[in-house]
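Work out the full structure, taking the sequences as your base and the hints as a guide.
Here is how the chains run, residue by residue.
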Amino acid sequence: MEILVCVKRVPDTSENEIEVGSDGTDIERDDLVYSVNEWDNYAVEEAIQIKDRVGGSVTVVTVGDDESEEVLRREMAMGADNGILLEDDAFEGSDGKGMAAILKGAVEKGNYDLILTGAQADDGAAQVGGMLAAMLDLPYAALVNHIEIQDDKKLKIGREIEGGNQEMNEIELPCVLSIQTGINEPRYVGIRGIRKVASVEIPTYGASDLGVDTGAVGEGAAKVKRLDYFVPEMGDGAEMLEGSTEEKVAKLIELLKAKGGMK
Amino acid sequence: MAQFFAYIPHKNGVADDSALELIVAAKKIDPSASVTAIVTGSGGDLDKVADEVAASYPEVWKISNDALSYPNAEVVRKALINSLPADAVLLLPHDTFGMDLGPGLSIKLDSAYVADVVDFEGVEGSDIKIIRQEFSGQVSTHVKCDMSSGAVITVRPGVFQPDESKSAGGSVVDKDAGDVSAKRKYLEVVAAEVGDVDITKSEVLVSVGRGIEDQDNLEMVFELAEAMGADVSCSRPIVDAKWLEKSRQVGTSGLTVKPKVYLALGISGSFQHMGGVKGNPFIVAINKNPKAPVFQLADVGVEEDILEFIPELTEAINEAK
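Residue numbers (the working numbering), protein chains in the order written: chain P, 1250 to 1512; chain B, 3 to 323.
The hints are simulated quantities; they were obtained by calculation from the structure and are not laboratory data. All of these numbers come straight from a predicted model, not from anything done at the bench. Wrong hints could be hidden among the right ones.
[Stated by the list, open to error] In silico SDA-like cross-links for lysine to any residue, where the CA-CA straight-line distance does not exceed 25 angstroms: (1) K280(B) / K1358(P); (2) K323(B) / K1358(P); (3) K1512(P) / A229(B); (4) K1402(P) / Y188(B); (5) K290(B) / A1487(P); (6) K110(B) / I83(B); (7) K293(B) / E1266(P); (8) K1358(P) / S1448(P); (9) K185(B) / E1266(P); (10) K1500(P) / K110(B); (11) K1508(P) / E306(B).
[What the hints assert, rightly or not] Covered stretches of chain B (in silico footprint by chain P; criterion: 3 or more residues with CB under 8 angstroms from a CB of chain P, positions within the stretch not fixed): (12) 163-175; (13) 216-227.
Every residue, glycine too, gets a C-beta built ideally from N, C-alpha and C.
Here it is, written out as structure tokens:
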């Protein structure tokens, strides 16, 4: 099975506090630690596991710049066979639809049976997978947490739905699936693994290579535009306990006792 | 002016809570909007829901087809494409169904898409002014969405105060689903596993999140719970890491709990997690990040590293016994 996984480089929220920059047009990006979007790691792991079961290849693709190459190499160190970087000045400022249009170009350059994305990203809208599928006229399912290969024509998949329940579907190949965290346990990648793929060539494609109409992507084509970042006016929030750790412990125990939190 | 629609999910003949929220959301975009509700499905359940929704919306489009008896997003999408006008502004809840349906629908309608909206600030020309959050609520953004060729917008459940007046006295209009063939077939829903502890019945929950950092550290959480006479629950990352079973997960993708006291340890407080905490419990949040959204939702907050604070708390509780 030929599998394409769309990945994205994002600020790592487990490593950073996200703050609004001084002029409000962006978050504070100096000193931010970036990594692969958490959901995408699960998608790549799932692709590798499918390849291990039925053969084929795994290609990872991202829209970005030179710095995005590091996320491709990380996913290649996990076991993806190929990486593709989509980079063009015309891509900048694309909204979700623009991103999907760029990725569509990459999909059409290959011959993929299965296209995976992460279900969402911390700085995103959980939208690109579904848009890409609709543009390609392929069937789609979001929040997939289980994949079984039925035959070379269809998959049996589980979707996460409310209440911890799982919705089972049969879906025809080729298709696009957005992958939910928890579907597998993404393998660890060490420095050595990344070194191994450090010199593998990663082709870079621009709009003309992809046959992407520059009028349909980028800021000019975006129907949805972020105007600013801000910190919302909050209510009073929690009553914060002050003092030494010991004092906080004592106050908290009093409160827990009073509220029935101690049996 | 655009035509406004709200897609109303339903289950077992009862409309989703979002039904009463989406009309409020639409009026926040345009107070003069006449909002048409759309319900899809089949049989008596659909009739019941259509009548229920007509109490809150001036008009309800009822799209009945056996293929719609379970809301398979790929099938619903076709029914909506077949019936919606080109400039429709369609609102739907940002839940696992909305996330499945919305993005692809916006492409097929050639309209704009905005997900997980928490507020609207009206209209300027053809732009809807929208507020969203990013990075699990750590920052908010203003977004403008050009609705001149329509828009599909998913709205975060629970943020708009529901309109309970039910005084619309609306009419139900039958609409044809058209061709709804799809390459994805719904099979069944597999119910969540039941665990050894039923956290939905717990009065006191000690709930642990990503801040616990390592599986081995869970032991201290169980020790604290034992000292308090509480049960242990958790947020999603702990289940994703397979450190605790799914039956202990609190949140919209896990279980809904109704404790008296909820102790959130190293939990950031995303709406998906806190959406599973109901019944207005006394919430205590302990987190080393003073900006964690959980501190906005908690009654009492402690800014401490849980790995250091938990053992001290447990020891003090045990000593006081």
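message: Of all the hints numbered above, which does this structure not satisfy? Sort the numbers upward.
response: 1, 2, 9, 10, 12, 13
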